[in-house]
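Enquirer: This is what each chain is made of:
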Amino acid sequence: MSASLSYDTLVAERHQYLQPLIAAENPIIGYIYPHAPLELFFAHQLIPTLLWAEPKVPGAYEASLQTFCCSYSRNLFSQRAKNHLPTLTAIVFPGGTCDSLQNLGDIWQARFPEDTVLRLTYPVARDETALTYFTEEIQNFSKYIEVSLGHKFSMKKYNEAVALLAEFRAATQFITAARIIQPECLPYTEHTKLIRQFLTAPGPQALQLIEQTVIQVQSALRNEQLIPSVEALRYGILQNNLADLSIPLSKQGPRIMVVGGMIDPEGIAVLFENAKTSADIESAEIVLDLLSFTYRTVFTSSPSLQGNPFHELAQSILSAPAEPTQEGLPNRLQFLQHVFDQFAIDGLIICEQSFCDPDQFEVPDMLKLAGKKKMLTVRLPLDPEFSDQARIEGRLQSFLETLSARR
Amino acid sequence: MSPETSPAPSKEKAYRKLYTSKLLRETMTLHILSTKTASQEGRLVWVTSGFPVEIPVAFNTVAAYPEQYGAIVGSEKCGPLLCGFAEELGFSQELCSYARSSIGSVQQPEQSPLTGLPKPQALLACNNICGTVLPWYEAVSEMTGAPVYLVDTPPLEGEQPSHHLAYVKSNLNGLIEFMSQNFNHEYDEKQLIQVAKLSNDAVSLWTKALEACKNKPSPLNCADRFLSMAPIVALRGTQQAINFYQAFFAEVEERVKQGIGAIREERVRLLWDNIPPWFTIYNFFNTLAKQGVVFPADSYTHAWSAAIPRGEIIESIAKVYSNVYLNKGLSAKIDKMCSLIKDYDLDGFVLFSVRSCKRYSIGQMVTKEEITRRTGVPGVIIEGDMVDSQQYNEAQAKTRMEALIEMIV
Numbered sequence: 001m002s003a004s005l006s007y008d009t010l011v012a013e014r015h016q017y018l019q020p021l022i023a024a025e026n027p028i029i030g031y032i033y034p035h036a037p038l039e040l041f042f043a044h045q046l047i048p049t050l051l052w053a054e055p056k057v058p059g060a061y062e063a064s065l066q067t068f069c070c071s072y073s074r075n076l077f078s079q080r081a082k083n084h085l086p087t088l089t090a091i092v093f094p095g096g097t098c099d100s101l102q103n104l105g106d107i108w109q110a111r112f113p114e115d116t117v118l119r120l121t122y123p124v125a126r127d128e129t130a131l132t133y134f135t136e137e138i139q140n141f142s143k144y145i146e147v148s149l150g151h152k153f154s155m156k157k158y159n160e161a162v163a164l165l166a167e168f169r170a171a172t173q174f175i176t177a178a179r180i181i182q183p184e185c186l187p188y189t190e191h192t193k194l195i196r197q198f199l200t201a202p203g204p205q206a207l208q209l210i211e212q213t214v215i216q217v218q219s220a221l222r223n224e225q226l227i228p229s230v231e232a233l234r235y236g237i238l239q240n241n242l243a244d245l246s247i248p249l250s251k252q253g254p255r256i257m258v259v260g261g262m263i264d265p266e267g268i269a270v271l272f273e274n275a276k277t278s279a280d281i282e283s284a285e286i287v288l289d290l291l292s293f294t295y296r297t298v299f300t301s302s303p304s305l306q307g308n309p310f311h312e313l314a315q316s317i318l319s320a321p322a323e324p325t326q327e328g329l330p331n332r333l334q335f336l337q338h339v340f341d342q343f344a345i346d347g348l349i350i351c352e353q354s355f356c357d358p359d360q361f362e363v364p365d366m367l368k369l370a371g372k373k374k375m376l377t378v379r380l381p382l383d384p385e386f387s388d389q390a391r392i393e394g395r396l397q398s399f400l401e402t403l404s405a406r407r
Numbered sequence: 001m002s003p004e005t006s007p008a009p010s011k012e013k014a015y016r017k018l019y020t021s022k023l024l025r026e027t028m029t030l031h032i033l034s035t036k037t038a039s040q041e042g043r044l045v046w047v048t049s050g051f052p053v054e055i056p057v058a059f060n061t062v063a064a065y066p067e068q069y070g071a072i073v074g075s076e077k078c079g080p081l082l083c084g085f086a087e088e089l090g091f092s093q094e095l096c097s098y099a100r101s102s103i104g105s106v107q108q109p110e111q112s113p114l115t116g117l118p119k120p121q122a123l124l125a126c127n128n129i130c131g132t133v134l135p136w137y138e139a140v141s142e143m144t145g146a147p148v149y150l151v152d153t154p155p156l157e158g159e160q161p162s163h164h165l166a167y168v169k170s171n172l173n174g175l176i177e178f179m180s181q182n183f184n185h186e187y188d189e190k191q192l193i194q195v196a197k198l199s200n201d202a203v204s205l206w207t208k209a210l211e212a213c214k215n216k217p218s219p220l221n222c223a224d225r226f227l228s229m230a231p232i233v234a235l236r237g238t239q240q241a242i243n244f245y246q247a248f249f250a251e252v253e254e255r256v257k258q259g260i261g262a263i264r265e266e267r268v269r270l271l272w273d274n275i276p277p278w279f280t281i282y283n284f285f286n287t288l289a290k291q292g293v294v295f296p297a298d299s300y301t302h303a304w305s306a307a308i309p310r311g312e313i314i315e316s317i318a319k320v321y322s323n324v325y326l327n328k329g330l331s332a333k334i335d336k337m338c339s340l341i342k343d344y345d346l347d348g349f350v351l352f353s354v355r356s357c358k359r360y361s362i363g364q365m366v367t368k369e370e371i372t373r374r375t376g377v378p379g380v381i382i383e384g385d386m387v388d389s390q391q392y393n394e395a396q397a398k399t400r401m402e403a404l405i406e407m408i409v
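Sequence lines, in order, name chains B and X. In terms of the working numbering, the first sequence opens at residue 1 and continues consecutively. In terms of the working numbering, the second sequence opens at residue 1 and continues consecutively.
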């Protein structure tokens, strides 16, 4: 039996990603909600970094936040209070996405008045009127960055960023689609690590690692003539049209899918690998997750270089798939049904971040749908600290054993 | 003090019941009956408490309020039972108890007070009070088949920018289209203006009653206002609401004229923040009344005191419903509470930290410090829930209230 993977080790590695940028005194802007306008930040000569939860941060929120504030918000607040966050030029809070993050922005401003707190407010729809509103919102946000931080918008930097992010999305979309067809082509731990690395310190270096992996994956799939299928699948996902696809799926398994929201995919990968080792079921694979920081980020369409940048950015962000905030429940359930049907999913891991309304409201409908398909499910109540790691791994182990016996 | 020297106990209760509570009961009973009839006739909508209800009323539909039903569930002390039905479906215990009890009552109407709310033909949500309303109504929609319409009012910071107003207006125009299609009824602007006038008349009477509590003694206590707010929530835009508040305000005025307070001996005047614990509302406020504690103001019932301004009707509605203070961030809420403390000459404040209500409650620790810094009065936070009594610790609440009173007296 191999030694357990350590989540702490992975988290320690993350800090290293940003170090070169910090050492070079690049202005860094932190963001929390995954669907931030990254291209806009680059256009203002700011390097965006996604702020992740840190498992080992001592709790330091008690005098400012109640325990029923979402656990992700509490963790971020504790990191700031204990000076565990990187040095940031500014931090962006989302408005209109959930009540905890909405209020956290206000509390942050009150508790850390020395921080530059910015807010971008999202519409809860994705129709034409929402697009018009959000275009103006992003434009005002851009003006505010200019005024408050003194960083002017550069079209040249914007164009470069659009290209960078488009390449990131195309490459990670390919890997994601490849893993659905043949998960053995790239371990889930590697997949999540590559995405994490890019989102922590986005730039050519992180992109290069992903593109090298794409070449390796392509090479592995070429022999089996699977590349056209991967591209067709990738296109089908982007078009939200899975119903007519015929996908040659790997027969190994069990094939498992993960759903949830702003859960750390790398953390899930660690828990899953450890449970697999304990259950001694090496063939089990997470073939797809629909989490915010992976699937929903990766399959967001890129802004076009034609047209008004603010409009294009708004359109891009509002295209993020499976987002509870913008997409109606019936659409998400329909998509999930197609995924279950087309991707031969054997088991579903449902992650519920503690006190996360958007996550927790979806669970019953997912359970119902999975039940109709006679699919095995397991619910994982999580906090970003994975404070109950042994118990969660135990649940996963039982899930995998049952799944394996069923197959 | 020995029994011989103790003052003879007075027969008068520490709190005074309103005569209009009978009219309130009758008004709300008739409303409940009208929702049942409307459901049978295919014109019942469920709406959230901050919804621009004037529009569905102008379409001749009747509105039922799941949050108000949650208050009934709470006061009937069956919150844990109904929330439990939702939890059996997979809804987390950490979710809003208004949502859980509502979902539970849809699942098990025969075990719910009044056999639950009648079946809706549409679900109308406005997220100016919180983000939970949309997934809650989506869940009910999955269960009942009724379509959901969301009026999206993104949170504001400061003044409402023009693109925000335009967006909310377009949402309201979308609502008109939705109502026309779903209820086969043509939009009539004159009708909407008339409903808005009725709404404003009721709001005006309600606001006058609230403001009468600046008097000493205060003619109303917290429980009085929480119960009497039912028509301003459920019947806004109708003549029934005006009829009730005319009688209600007359009684309040009479109390003020005669110097009659809501409680017998007013010693301490406090501000209440948030939804009350419905399952213990009388016990909580009346126990404090016995100690001379009255609550002349609260942040919750004042939320229904904004009238629709003059001007183009859709724009006016968009303005008033976007600028609900829960939609304007922490500093707007703190400003409002500080002005209530000043205007109502209050000695302290109680922040009820409601586990169910993240938008209302998260930030109360900062709020407490900031209000004391600005006003100099002490405050206390007590924790619990509005419907789910399992999440309320009476002994802890009592201890904290005692500590606050000690600081003041």
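None of these hints come from the bench; they were simulated from the model. Keep in mind that this is a model prediction, so the values were computed, not measured. Using N, Cα and C, we set each Cβ at its ideal position, and we do this for glycine too. Take these hints with a grain of salt, some might be off.
Label pairs and their in silico Cβ distance ranges [said to hold, decoys possible]:
| id | chain 1 | residue 1 | chain 2 | residue 2 | range |
| --- | --- | --- | --- | --- | --- |
| 1 | X | Leu81 | B | Ser387 | 58 to 68 Å |
| 2 | B | Arg407 | X | Thr29 | 56 to 66 Å |
| 3 | X | Gly158 | B | Ser387 | 33 to 43 Å |
| 4 | X | Glu265 | B | Ala63 | 50 to 60 Å |
| 5 | B | Glu62 | X | Gln291 | 23 to 33 Å |
| 6 | B | Gln208 | X | Arg373 | 44 to 54 Å |
| 7 | B | Gly394 | X | Ser21 | 53 to 63 Å |
| 8 | B | Ala390 | X | Leu81 | 27 to 37 Å |
Covered stretches of chain X, as calculated for chain B (at least 3 residues, CB under 8 Å) [what the hints assert, rightly or not]:
| id | stretch |
| --- | --- |
| 9 | 134-148 |
| 10 | 155-162 |
| 11 | 360-367 |
Enquirer: Tell me, in ascending order, the numbers of any earlier hints that this structure violates.
Expert: 1, 4
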